[in-house]
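Taken in sequence, the protein lines are chains G, D and V. Okay, so the first sequence: first residue is 1 according to my numbering, each after it adds one. Okay, so the second sequence: first residue is 1 according to my numbering, each after it adds one. Okay, so the third sequence: first residue is 1 according to my numbering, each after it adds one.
Note that these hints are calculated values from the structure, not bench results. All C-beta atoms, glycine included, are put in the ideal place defined by N, C-alpha and C. Hints are supplied without guarantee of correctness; some may be wrong.
To be verified - Derived contacts from chain G toward chain D, CB cut-off under 7 Å, selection only: (1) Gly10; (2) Ile17; (3) Lys53; (4) Arg63; (5) Leu72; (6) Phe85; (7) Leu92; (8) Val93.
Claimed, not checked - Derived Cβ-Cβ restraints for the label pairs, each shown as a range: (9) D/Leu607 - G/Val65: 50 to 58 Å; (10) V/Leu13 - G/Ile43: 42 to 50 Å; (11) V/Gly97 - D/Thr581: 47 to 55 Å; (12) D/Ile602 - V/Glu136: 17 to 25 Å; (13) V/Leu95 - D/Lys671: 54 to 62 Å; (14) V/Glu56 - D/Gly743: 57 to 65 Å; (15) V/Phe91 - D/Ala546: 48 to 56 Å; (16) G/Val65 - V/Met86: 33 to 41 Å.
Claimed, not checked - With a Cα cut of at most 20 Å, we get these calculated SDA-like pairs of lysine to any residue: (17) D/Lys760 - V/Glu56; (18) G/Lys53 - D/Pro536; (19) G/Lys53 - V/Arg27; (20) D/Lys760 - D/Tyr667; (21) D/Lys760 - V/Arg59; (22) D/Lys671 - G/Leu94; (23) G/Lys53 - D/Ser596; (24) D/Lys548 - D/Pro536; (25) G/Lys53 - D/Pro645; (26) D/Lys760 - V/Pro55; (27) G/Lys53 - D/Asp641; (28) D/Lys671 - G/Ala98; (29) D/Lys520 - D/Gly530; (30) G/Lys53 - D/Ala712; (31) G/Lys53 - D/Val597; (32) V/Lys60 - V/Met14; (33) D/Lys520 - D/Ala286; (34) D/Lys760 - G/Leu94.
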Amino acid sequence: MEILTSIVVGGLFGSAIYLLLSRTPVKLIIGLVLLSNAINLLIFVAAGLTRGKPPLIPAGALRPVAGVSDPLPQALILTAIVISFGVLAFALVLFRQAFGQEPSTSKPDTESTCT
Amino acid sequence: MIALSVVSGFVLALTAPLLLRLFHHRTGWILALLPIALTVFYAGHVGPVSSGLTFYESHVWVAALGIHFSFLLDGLSLVFSLLIAGIGTLIVIYSGGYLHGTTELGRFYMYILAFMASMLGLVLASNFITLFIFWELTSLTSYLLIGFEHRRASAREAALQALLVTGIGGLVLLAGFLLIGQVAGTLEMAELLTRPQGLGGNSLYVPILILVLVGAFTKSAQTPFHFWLPSAMEGPTPVSAFLHSATMVKAGVYLLLRMTPVLGGTELWQILLTTFGGVTMVLGAAMALFQTDLKRLLAYTTVNGLGMLVFLTGLPSRAGITAALVFLVTHALYKGSLFLTAGVVDHETGTRDIRQLRGLYTQMPLVTVAALLAALSMAGLPPLLGFIAKESIYEATWHLSRWTLAGTAAAVTANMMLFAAAGLFVLRPFFGRSGTADHHDHHPIPISLWLGPLVLAVMGLLGGLLPGLVDGSVISPGVSAVLQTTADIHLSLFHGITPMLGLSALTVILGAALYGLHPKLSRWVARRSGWARFGPAAWYEHGLGAVKHLAEWQTLVLQSGHLHIYILIILLATMGGVGATLILREGLVVDWQPDSVRVYEIIVVILMLVAALVTIRSDSRLSAIVAVGVVGYGMALLFIDFGAPDLAMTQFIIETMTVILFALIIYHLPKYRSICSRAQRVRNALVAVAGGGLMTLLLLIALTVQRGSRLADFFKENSLISAHGRNIVNVIIVDFRGMDTLGEITVLAIAGAGVYTLLKLRLEGRNR
Amino acid sequence: MNSLILVTATRILMPMLLLLSAFLLLRGHNEPGGGFIGGLVAASTFILHCFAHGPEETRKLLRIQPGYVVAIGLLLAMASGCLSLMSGMPFMTGLWGDLNLGGGQHLPVGTPVIFDIGVYLVVIGAMLEIVLTLAEEE
Numbered sequence: 001m002e003i004l005t006s007i008v009v010g011g012l013f014g015s016a017i018y019l020l021l022s023r024t025p026v027k028l029i030i031g032l033v034l035l036s037n038a039i040n041l042l043i044f045v046a047a048g049l050t051r052g053k054p055p056l057i058p059a060g061a062l063r064p065v066a067g068v069s070d071p072l073p074q075a076l077i078l079t080a081i082v083i084s085f086g087v088l089a090f091a092l093v094l095f096r097q098a099f100g101q102e103p104s105t106s107k108p109d110t111e112s113t114c115t
Numbered sequence: 001m002i003a004l005s006v007v008s009g010f011v012l013a014l015t016a017p018l019l020l021r022l023f024h025h026r027t028g029w030i031l032a033l034l035p036i037a038l039t040v041f042y043a044g045h046v047g048p049v050s051s052g053l054t055f056y057e058s059h060v061w062v063a064a065l066g067i068h069f070s071f072l073l074d075g076l077s078l079v080f081s082l083l084i085a086g087i088g089t090l091i092v093i094y095s096g097g098y099l100h101g102t103t104e105l106g107r108f109y110m111y112i113l114a115f116m117a118s119m120l121g122l123v124l125a126s127n128f129i130t131l132f133i134f135w136e137l138t139s140l141t142s143y144l145l146i147g148f149e150h151r152r153a154s155a156r157e158a159a160l161q162a163l164l165v166t167g168i169g170g171l172v173l174l175a176g177f178l179l180i181g182q183v184a185g186t187l188e189m190a191e192l193l194t195r196p197q198g199l200g201g202n203s204l205y206v207p208i209l210i211l212v213l214v215g216a217f218t219k220s221a222q223t224p225f226h227f228w229l230p231s232a233m234e235g236p237t238p239v240s241a242f243l244h245s246a247t248m249v250k251a252g253v254y255l256l257l258r259m260t261p262v263l264g265g266t267e268l269w270q271i272l273l274t275t276f277g278g279v280t281m282v283l284g285a286a287m288a289l290f291q292t293d294l295k296r297l298l299a300y301t302t303v304n305g306l307g308m309l310v311f312l313t314g315l316p317s318r319a320g321i322t323a324a325l326v327f328l329v330t331h332a333l334y335k336g337s338l339f340l341t342a343g344v345v346d347h348e349t350g351t352r353d354i355r356q357l358r359g360l361y362t363q364m365p366l367v368t369v370a371a372l373l374a375a376l377s378m379a380g381l382p383p384l385l386g387f388i389a390k391e392s393i394y395e396a397t398w399h400l401s402r403w404t405l406a407g408t409a410a411a412v413t414a415n416m417m418l419f420a421a422a423g424l425f426v427l428r429p430f431f432g433r434s435g436t437a438d439h440h441d442h443h444p445i446p447i448s449l450w451l452g453p454l455v456l457a458v459m460g461l462l463g464g465l466l467p468g469l470v471d472g473s474v475i476s477p478g479v480s481a482v483l484q485t486t487a488d489i490h491l492s493l494f495h496g497i498t499p500m501l502g503l504s505a506l507t508v509i510l511g512a513a514l515y516g517l518h519p520k521l522s523r524w525v526a527r528r529s530g531w532a533r534f535g536p537a538a539w540y541e542h543g544l545g546a547v548k549h550l551a552e553w554q555t556l557v558l559q560s561g562h563l564h565i566y567i568l569i570i571l572l573a574t575m576g577g578v579g580a581t582l583i584l585r586e587g588l589v590v591d592w593q594p595d596s597v598r599v600y601e602i603i604v605v606i607l608m609l610v611a612a613l614v615t616i617r618s619d620s621r622l623s624a625i626v627a628v629g630v631v632g633y634g635m636a637l638l639f640i641d642f643g644a645p646d647l648a649m650t651q652f653i654i655e656t657m658t659v660i661l662f663a664l665i666i667y668h669l670p671k672y673r674s675i676c677s678r679a680q681r682v683r684n685a686l687v688a689v690a691g692g693g694l695m696t697l698l699l700l701i702a703l704t705v706q707r708g709s710r711l712a713d714f715f716k717e718n719s720l721i722s723a724h725g726r727n728i729v730n731v732i733i734v735d736f737r738g739m740d741t742l743g744e745i746t747v748l749a750i751a752g753a754g755v756y757t758l759l760k761l762r763l764e765g766r767n768r
Numbered sequence: 001m002n003s004l005i006l007v008t009a010t011r012i013l014m015p016m017l018l019l020l021s022a023f024l025l026l027r028g029h030n031e032p033g034g035g036f037i038g039g040l041v042a043a044s045t046f047i048l049h050c051f052a053h054g055p056e057e058t059r060k061l062l063r064i065q066p067g068y069v070v071a072i073g074l075l076l077a078m079a080s081g082c083l084s085l086m087s088g089m090p091f092m093t094g095l096w097g098d099l100n101l102g103g104g105q106h107l108p109v110g111t112p113v114i115f116d117i118g119v120y121l122v123v124i125g126a127m128l129e130i131v132l133t134l135a136e137e138e
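Please work from the sequences and hints to get the whole structure.
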């Protein structure tokens with residue numbers, strides 16, 4: 001499954017990069033969302049995938065059973081998900097205020113040329 | 001106590017503007033109490049130090065890195081401290097008279113005291129890092145001092161030039177210091193000096209030596225870095241007098257003397273120091289002859305003096321070091337006096353042009369005495385200290401085991417020109433027939449102005465008449481400290497009929513002849529003034545210009561104002577860095593292991609990939625948002641599948657919130673069509689495919705590395721036992737890595753506040 | 001957005017969802033859940049209310065500005081870390097005590113739980129601040 005998820009990570013990164021490079025503000029923001037998803041998945045997969053063994057300690061035991069998933073990347077990703085939402089909201093509002101109905105992310109005076 | 005003596009200067013500097021309000025024109029005298037107290041304090045150490053003691057003091061700073069706030073007071077630092085504090089006293093008093101009426105006098109006092117304190121720190125520091133910090137502090141404070149009259153563009157340029165040359169040299173020096181620390185295993189000078197062996201045999205010796213020499217040469221204005229020193233004459237005269245007699249420019253010489261036991265003694269050391277020093281001393285003296293400005297004349301003789309000191313330090317004998325220390329003290333005394341004299345002349349007559357000044361002795365008799373004594377010392381005539389210094393120099397060059405002739409010839413040439421320069425400074429301006437030059441008002445010169453030059457000049461006379469005053473108290477301990485042996489040096493005015501006396505006589509004859517020929521020579525030189533175009537000052541100009549052009553060019557390229565270009569550059573740099581590291585370090589080895597895949601997983605994965613494709617291809621905002629939602633829910637499903645229920649829950653809720661967020665704001669945003677050209681789209685697609693492929697590759701390679709970490713094991717082991725929680729993920733969030741979480745919820749709070757502020761501020765703006 | 005179904009559903013759902021969020025918060029130390037998830041559930045409850053009745057009504061219901069909720073949460077989280085300072089241990093060292101419920105039942109209470117409540121409040125506050133402000137823009 002790792003190979004398959006690696007390909008998903010690559011796909012998400014590729015789409016995110018393509019959207020980030022486009023000059024449309026909305027596409028850029030969608031690219032940001034995809035990028036944070038891609039990075040979360042990258043961290044999650046890099047630690048190795050284990051099916052159906054959450055890092056919980058069963059009642060009565062002192063430590064989890066052998067082979068549970070790595071808890072550290074999960075903790076990292078959990079906070080990252082919430083924060084990226086906050087940052088996304090901020091970026092959205094910032095873009096709204098900065099570009100309004102501007103169709104492009106270039107500075108206004110050098111508008112027309114595509115470099 | 002030593003640390004206190006350094007820090008006190010900074011403290012007083014901070015209060016100086018306040019004291020000026022309290023004491024007005026008497027402030028100079030009040031402020032001088034500190035340097036005079038410091039002089040007494042250091043003078044109190046003369047007895048113990050000359051009997052062989054050294055004082056060491058260390059305060060904890062960054063102990064883990066071997067960085068201490070430590071100080072060493074031995075023979076060498078004692079000589080320098082005495083000169084700095086002693087001349088500093090006179091400078092502070094003099095400044096009160098010289099800059100009387102300047103509105104920013106408080107600022108000036110602040111700078112000059114801070115500079116003095118930095119200089120004391122520099123010569124007393126024992127730790128290399130401490131030394132470096134004081135070294136750069138002197139560069140910074142001298143920048144402020146040289147550019148004190150900041151309304152003049154030329155002063156600003158000169159200040160910047162001094163800062164760039166000495167500051168960059170300081171950075172190079174830091175690299176040298178760090179290398180020494182690596183090689184020697186210590187950053188403490190006091191420890192390094194006691195080792196019997198220097199670093200001469202080390203494989204890193206040559207780079208260390210070159211780095212340290214660049215630092216010392218830039219600070220001490222050795223050719224080809226000498227040009228900043230004459231430019232620095234833009235500063236007020238007390239600054240020139242202080243910086244160029246005993247302090248700033250001597251820092252490099254101090255460093256060379258200090259490092260002699262560590263880096264000295266090798267052939268390379270001798271060759272580099274004598275060559276650069278020799279060229280600098282001859283060049284400096286020659287350039288001095290053709291200046292018409294009193295201060296610039298002195299500036300070039302300072303270049304000469306510095307070259308002489310470096311040259312002498314490089315000589316492989318005790319006589320060289322002895323001569324260096326004698327000349328150091330001599331030079332500080334006469335140069336300080338001459339600069340201050342030039343300042344008085346400028347202050348009283350309004351010009352420093354040698355061609356216009358005549359017969360000043362009637363106007364300022366005391367100052368004339370000072371100028372005459374100091375100039376005689378510079379010319380090297382008996383019975384002044386300058387004569388003893390010159391004899392010591394010839395003593396050192398005459399007894400060289402090789403290159404005797406070249407060394408002696410260079411010394412004689414330099415001294416002969418110095419003799420003529422001394423004549424130029426003092427003869428016509430002070431004693432020439434008083435003709436056209438108009439003396440506006442004959443008011444008496446205040447004591448603060450004549451005290452400094454006179455005291456320094458008289459000390460030069462006393463030192464010459466009674467050499468016993470200096471040889472046992474400062475010269476012998478200084479030489480002992482440099483050579484790390486016990487030296488007992490006796491100076492005297494008259495050694496009997498020796499080759500050295502003959503050389504002195506030769507110097508005087510040649511110097512007098514040169515003085516006589518000077519008018520002709522200067523006309524000849526004046527016709528060739530275009531040569532300056534090829535000098536090091538021009539290299540500096542071109543270099544600075546090139547840096548500016550480079551900055552302009554790269555700003556135009558990188559800061560284009562197009563967001564997509566910024567992103568492209570960031571992405572390419574990241575991808576280049578990651579890709580290069582991946583290929584160079586790991587090689588492209590991917591371990592294909594049999595993979596267990598379930599049908600529903602394949603479905604989820606395909607859905608996510610299709611959704612990602614939809615976000616790219618779609619022309620509608622809504623379908624793009626729905627597709628993003630599909631990707632997010634797909635992530636959540638993967639989290640459930642692979643044992644992360646907390647993540648799955650969070651992802652589900654956040655994904656819903658994201659869609660709500662987009663729904664709220666979407667109609668305020670522009671349309672979702674692409675406005676890129678076809679070529680741009682192809683380029684973006686290529687970058688995207690490369691980036692995505694790189695990340696897949698990175699992940700596949702990362703997966704071949706051994707999994708599981710000691711960290712994870714620690715968390716699993718201690719979650720219940722020490723942290724009383726069965727949900728290890730939550731325990732990490734709120735306990736093991738609680739500090740991170742605190743930071744993260746702060747970010748969240750700021751994002752919330754940011755959204756609120758951005759929208760509400762705009763709303764209020766609209767309502768107004 | 002005055003849909004009868006939404007208004008009715010909200011009235012029934014809200015108490016249940018809030019209860020669920022508190023439950024998720026408190027059991028988070030031992031089972032899936034915790035401050036982040038609990039806070040998100042609580043925030044979505046109020047956002048649901050906002051869609052049913054409009055942002056002004058939601059602000060009235062809250063009685064307290066979301067910004068203050070954020071501030072209280074941050075202070076609580078920091079204060080929980082400072083407790084250990086008072087007993088001479090490094091910042092944010094977990095302290096645990098047993099609450100005797102009688103009848104042989106014990107409930108362990110510790111500073112990390114207080115910290116989690118702080119996280120919970122910050123998440124609620126920040127989310128509501130963002131969504132309510134945006135909703136008022138419409």
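Now the hints, each set against the structure:
no. : hint                            : result
1   : Gly10                           : 3 Å, holds
2   : Ile17                           : 4 Å, holds
3   : Lys53                           : 5 Å, holds
4   : Arg63                           : 6 Å, holds
5   : Leu72                           : 5 Å, holds
6   : Phe85                           : 5 Å, holds
7   : Leu92                           : 5 Å, holds
8   : Val93                           : 5 Å, holds
9   : D/Leu607 - G/Val65: 50 to 58 Å  : 32 Å, violated
10  : V/Leu13 - G/Ile43: 42 to 50 Å   : 34 Å, violated
11  : V/Gly97 - D/Thr581: 47 to 55 Å  : 49 Å, holds
12  : D/Ile602 - V/Glu136: 17 to 25 Å : 44 Å, violated
13  : V/Leu95 - D/Lys671: 54 to 62 Å  : 56 Å, holds
14  : V/Glu56 - D/Gly743: 57 to 65 Å  : 34 Å, violated
15  : V/Phe91 - D/Ala546: 48 to 56 Å  : 51 Å, holds
16  : G/Val65 - V/Met86: 33 to 41 Å   : 38 Å, holds
17  : D/Lys760 - V/Glu56              : 15 Å, holds
18  : G/Lys53 - D/Pro536              : 72 Å, violated
19  : G/Lys53 - V/Arg27               : 19 Å, holds
20  : D/Lys760 - D/Tyr667             : 19 Å, holds
21  : D/Lys760 - V/Arg59              : 16 Å, holds
22  : D/Lys671 - G/Leu94              : 17 Å, holds
23  : G/Lys53 - D/Ser596              : 16 Å, holds
24  : D/Lys548 - D/Pro536             : 18 Å, holds
25  : G/Lys53 - D/Pro645              : 10 Å, holds
26  : D/Lys760 - V/Pro55              : 14 Å, holds
27  : G/Lys53 - D/Asp641              : 9 Å, holds
28  : D/Lys671 - G/Ala98              : 15 Å, holds
29  : D/Lys520 - D/Gly530             : 18 Å, holds
30  : G/Lys53 - D/Ala712              : 15 Å, holds
31  : G/Lys53 - D/Val597              : 17 Å, holds
32  : V/Lys60 - V/Met14               : 15 Å, holds
33  : D/Lys520 - D/Ala286             : 15 Å, holds
34  : D/Lys760 - G/Leu94              : 12 Å, holds
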